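Chemist: Residue numbers (the working numbering), protein chains in the order written: chain Z, 1 to 425; chain W, 1001 to 1425.
Rather than coming from a laboratory, the hints here were simulated on the basis of the structure.
Here the structure is a predicted model, which means the values were calculated and not measured.
The reader is advised that the hints may include incorrect statements.
[As the list claims (entries may be wrong)] From chain Z, some residues computed to sit far from chain W (all C-beta separations above 10 Å):
1. I126
2. P192
3. T235
4. H383
5. L386
[Unchecked claim] Simulated restraints, written as ranges between beta carbons of each label pair:
6. Z:Q26 with W:P1316: 32 to 42 Å
7. W:F1405 with Z:N118: 27 to 37 Å
8. W:V1382 with Z:Y31: 16 to 26 Å
9. W:K1419 with Z:Q26: 33 to 43 Å
10. Z:D87 with W:T1120: 38 to 48 Å
11. Z:R393 with W:T1092: 47 to 57 Å
12. Z:D153 with W:N1334: 33 to 43 Å
Just so it is clear, CB atoms sit at the ideal spot from N, CA and C, and this is done for glycine as well.
2 protein chains.
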Amino acid sequence: MNIPDIDLPRVVVIGAGFAGLKLARQINTKYHQLVLIDKNNFHTFQPLLYQVASAGLEPDSIAYPIRKTLRKKKNTYFRLASAESIDLDKKTLTTNIGVLAYDKLVIASGAGNNFFGNKTIESNAIPMKSLTEALDLRSKILENFEKALNTQDLQKRNELMNFVIVGAGPTGVELAGALAELRNKILPKDFPDLDLRQMKIHLIEAAPRVLAAMSEKSSEKAYKYLKKLDVHIYTETFVENYADNKVSTSVGKEFDCDTLVWAAGVAGQFPEGIDATKIGRGNRLIVDENLALTEDVFVLGDTALIQSEKYPEGLPMLGSVAMQQGAYLAKQFNRITKKKKRKPFVYTDKGTMATIGRNLAVVETGKFKFQGPFAWLVWMFVHLMLLVGFRNRVVVFVNWTWNYFRYNNGLRLIIRPYKKKKATN
Amino acid sequence: MNIPDIDLPRVVVIGAGFAGLKLARQINTKYHQLVLIDKNNFHTFQPLLYQVASAGLEPDSIAYPIRKTLRKKKNTYFRLASAESIDLDKKTLTTNIGVLAYDKLVIASGAGNNFFGNKTIESNAIPMKSLTEALDLRSKILENFEKALNTQDLQKRNELMNFVIVGAGPTGVELAGALAELRNKILPKDFPDLDLRQMKIHLIEAAPRVLAAMSEKSSEKAYKYLKKLDVHIYTETFVENYADNKVSTSVGKEFDCDTLVWAAGVAGQFPEGIDATKIGRGNRLIVDENLALTEDVFVLGDTALIQSEKYPEGLPMLGSVAMQQGAYLAKQFNRITKKKKRKPFVYTDKGTMATIGRNLAVVETGKFKFQGPFAWLVWMFVHLMLLVGFRNRVVVFVNWTWNYFRYNNGLRLIIRPYKKKKATN
Chain Z
1 MNIPDIDLPR VVVIGAGFAG LKLARQINTK YHQLVLIDKN NFHTFQPLLY
51 QVASAGLEPD SIAYPIRKTL RKKKNTYFRL ASAESIDLDK KTLTTNIGVL
101 AYDKLVIASG AGNNFFGNKT IESNAIPMKS LTEALDLRSK ILENFEKALN
151 TQDLQKRNEL MNFVIVGAGP TGVELAGALA ELRNKILPKD FPDLDLRQMK
201 IHLIEAAPRV LAAMSEKSSE KAYKYLKKLD VHIYTETFVE NYADNKVSTS
251 VGKEFDCDTL VWAAGVAGQF PEGIDATKIG RGNRLIVDEN LALTEDVFVL
301 GDTALIQSEK YPEGLPMLGS VAMQQGAYLA KQFNRITKKK KRKPFVYTDK
351 GTMATIGRNL AVVETGKFKF QGPFAWLVWM FVHLMLLVGF RNRVVVFVNW
401 TWNYFRYNNG LRLIIRPYKK KKATN
Chain W
1001 MNIPDIDLPR VVVIGAGFAG LKLARQINTK YHQLVLIDKN NFHTFQPLLY
1051 QVASAGLEPD SIAYPIRKTL RKKKNTYFRL ASAESIDLDK KTLTTNIGVL
1101 AYDKLVIASG AGNNFFGNKT IESNAIPMKS LTEALDLRSK ILENFEKALN
1151 TQDLQKRNEL MNFVIVGAGP TGVELAGALA ELRNKILPKD FPDLDLRQMK
1201 IHLIEAAPRV LAAMSEKSSE KAYKYLKKLD VHIYTETFVE NYADNKVSTS
1251 VGKEFDCDTL VWAAGVAGQF PEGIDATKIG RGNRLIVDEN LALTEDVFVL
1301 GDTALIQSEK YPEGLPMLGS VAMQQGAYLA KQFNRITKKK KRKPFVYTDK
1351 GTMATIGRNL AVVETGKFKF QGPFAWLVWM FVHLMLLVGF RNRVVVFVNW
1401 TWNYFRYNNG LRLIIRPYKK KKATN
């Protein structure tokens, strides 16, 4: 790869998500040459992808160009590339655009979708882990209504107007709520000749409750809010298959639907070349308390698995964990340069939150657990502050304020029609 | 098609461009049932497509959802469909989603790209007539620089950094200017490790001057402005072929480039079923002074050819012609209902304008011809006022103001990588 060789240790970072970008911004490039690679030229604010999918925000509101973030850093190189394999002995990373030698390698490539080996579901479901996927989902939802208008076949119309969301973690819950608000307040104005009461939103969860990672109180409230918005919830239910527009489940219940959104499972993703013994639960890479996989290779964010007594399953796959780890590692690198001793990474739990709809959110932070309009305001404020870039904060703030008063979020443009992958069943 | 039969004459409009949308908004639906079809669910403000292509504006700024425009009109139906053929005897229109009977049919399907039969150019060039094409071009431009960074092969790098624009009408001139400003002011900050002086912009025109439809004075000024921005201009030059990244021309000059933008020719587009004798110059449909093709079929905008002494080649293919015709026909329809006599369509020439860059524009309106900063302000004001929707006007205004002071237009996101069509050569 076309990167100049200079007399500084080269730190190669794979992935410009929360972890990789934080590290890239905070590492001192007076002492390091920094090479950041990502398969997109932008950072994606994943927590708001569901608002892109539900046509509430435009993609440029939650994406931020990587080059712009790093503009003022010296000895810094961004390359649009996909990491393919690592050679731990030779200390090189192979990408789709060439081979790169490293002194330190940081794997911050995040998590991808996990279909638990079910190829049929994989080829028929729509996931929502990237901006392209969120836009595909948006196109699909809007196209479905255009098609529903034009069919007299009730079975077909039901399939088009039924939406099944698998997984009631924050992504599934937030998307279900956003779709319900779209149906209740917005689509009836766009489609006066369509009976939107026919649109059903089904949320299916394997665990006994929604938002299973939060407290029972928050789960209960979220359940109540979803019910209020008329979302159908099925807990302790596994989706067994999805083919020919039919969803079959472990409890015998079946659903007819043209759109199944997969928000049920994620798995760590990283280049080839790492020993199987280093791969743990959820396809994450087992690292020590310094986030080190080997002496020269570090792992951050969703890809990293640190097992501890408090978190036997590893730290939660959250943006805040990723950012803390990125900041930690930058500090370690900057410290190492000054010959100081490494300190272990300590996660500060800042809490979790989810929004279900207007005035309906649940927040848990430290000892405080609260729900309702104030939680919703806190959720909005925190998300605004976490967005990268002043422009994006302003755009999202204006959009949200406008929507609050006008009940009319977004433009609902079908710019690229959704193209279904080839089914393998 | 699933449209209720009611006791009102049914007007079917093909295309929600400037002409079709104007007609749809102004026709009195107390006396007509209106069915509007378009292959997109949004209206595109074509004059600003080049700003989407050059990463200055986001697509949602220049697109407006059709359903939102027609929300308050009764007896009005929008369908997302492509018109395929017309049966003039049976008075039916066949679309990809079914057959529709009409009482009056309005063809406002606009113009598409004209490659003058050259299939090789057609498969290798990027046109810029739709939002998808403009987004493809944007992705391609940005990807080219990412690739140029990563090659040591000078020939390859030149191909990636050379841009050839064919056609120096308003679209070609405006795009050339926007690309030049991108190179001069914006990209050097994004790509500090790339020598952007290597980026060449070539504008090729068959006529003896740029903006040939405008006065010689405007042409001269536009030429001077383009030169000032360092655009290379070749007049009286025909592009003969474009294959394997090589452009050959009628004057022997060749260009190596990975990106050729086709802004050289447009041709009317309309469904099958119309007698060849009715098809005139530029593949446009020959209509009478009432824009009528037959008693029940009308043609508007770019698709319509009205030959007159003043305009022997037909009216110019401009948004303002299309809008005047849409408004005229709505009025005629509304008048017919009231049993008044038809008046012929009279085109009021409101002038033409083009912007080349910051403070650099040419305007001709009536007897007034002016250029420079004031022309640029007029150009901006007129375009803002013509945009559909308060939101879009605000968004574009804020973008332009921001860019004026910050020299930093847009986010330059590659959301969907450009996929080259299969070459047929």
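Chemist: Now tell me if each hint is right for this structure.
Modeler: Here is what the structure says about each hint:
no.	hint	verdict
1	I126	16 Å, holds
2	P192	8 Å, violated
3	T235	35 Å, holds
4	H383	19 Å, holds
5	L386	18 Å, holds
6	Z:Q26 with W:P1316: 32 to 42 Å	57 Å, violated
7	W:F1405 with Z:N118: 27 to 37 Å	53 Å, violated
8	W:V1382 with Z:Y31: 16 to 26 Å	54 Å, violated
9	W:K1419 with Z:Q26: 33 to 43 Å	36 Å, holds
10	Z:D87 with W:T1120: 38 to 48 Å	43 Å, holds
11	Z:R393 with W:T1092: 47 to 57 Å	53 Å, holds
12	Z:D153 with W:N1334: 33 to 43 Å	37 Å, holds
When held up to the earlier numbered hints, the structure conflicts with 2, 6, 7, 8 and fits the remainder.
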